[in-house]
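Just so we're aligned, residue 388 is where the sequence shown starts under the numbering used here, counting upward by one.
A hint or two may mislead.
[Unchecked claim] List time: in silico BS3-like cross-link candidates among lysine-lysine, alpha-carbon distance up to 25 Å: (1) 533 / 498; (2) 579 / 444; (3) 530 / 498; (4) 498 / 487; (5) 579 / 541.
[To be verified] Estimated spans, in silico, between C-beta atoms of each pair: (6) 667 / 593: 23 to 31 Å; (7) 417 / 504: 39 to 47 Å; (8) 531 / 697: 16 to 24 Å; (9) 627 / 711: 29 to 37 Å; (10) 561 / 722: 34 to 42 Å; (11) 563 / 487: 21 to 29 Å.
Calculated from the structure, these hints are not laboratory results. Beta carbons: idealized from backbone N, C-alpha and C, even for Gly.
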Amino acid sequence: MADTTAQSNMELDAKYDHYDFPTTSVETREGHPGHLTAGQQAQVHQLRLMLEAEGFKSRLDTLTLLRFLRARKWDADAAKKMFVESEEWRNNLTVWDPEKGAYRPMSLAPKDPEKNPPAEPLKLDELVRTWDKDGSFKRELSKYYKQFYHKTDKDGRPCYYEKLGGVDFTKLRNADYTNDRMLLNLAVEYEKMVDPRLPACSRQAGHLLETSCSVLDVQGVGLVGQKTILNYIRQASAMSNSNYPERLGKMYVINAGWAVSTIWTLVKGFLDPVTASKIKVLGSSYKSTLLEHIPAENLPAIYGGKCQCEGGCELSDAGPWQEEQWKRPAWWEKDPADATIENKPTEIQTGEAPATEETKVVA
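Full structure from sequences and hints, please.
Encoded structure:
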């Protein structure tokens, strides 16, 4: 079992920080958990007080607030705005409609979601508890569009694979896979990456892991006739950037032809240098690079590794989050009443949180 008692310079809040995994980050750069200045720790307290004053009681744990602060360059007011907007999105799941140029409620309707809004706004905290419990959505979707988590990279991060090239969005819509339903599925998968995948990976690694390693296969993606795909990418990117900050560890874009490489050359200049440094665009000779960062026994054989899970790696969901030694019930698997935060005075402690079976409050 990984040691979770190592000392950290991060102050933990007894009201919100119920972690049962290590809280000193593998990222040793200043501003990451376990590597904070006194000023950065003070900004965590400031942001929490600002949010409490507006009535927020959930997701005010230290790790979450640090991610929002880092995403907004330690501007507490900007981080607060981002957090509030993210909470509004979680409670009223919306999506940007490029045709109307406005946000609209996302819908589970299998046809024409823009014309069939839900009677009440969808709520992510409720959706994640019930979504695709029998796995049928994922199994059917994988016939058209492969998106899956599978094992870990050499740093212990969960690996996410997506094959965007060759996806026929017309066939997807005809099979009732609207953009809305795929985006809702993506949101649920983000929630499952946050908990239970990242905590299980952190326990196994013995240090905090907050990000994933992504492999995006774009073979066949070009510049012509891609409006539908680009709309989906814009919607998915906007959702992840606004609501899941600081979750990208590494991304490898593989099988990139001249079109994708040209787009990347143009886009790279507009990205934050830290974000841009995490993304590598590779052609068809990508296998050696992937194997530098992902163990051969963890990398699916279709990408040059040795792993061949029974039934296919894309459906196995193999990883520490499935192993008894590392897995724990996710927050969304528990009774909602157990996650209630009592209005008690804040208590601060320094160092790693002791292992506990109490409810985790996470992003």
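Open item on the list: Of the numbered hints stated earlier in the document, which are not met by this structure?
Closed with: none
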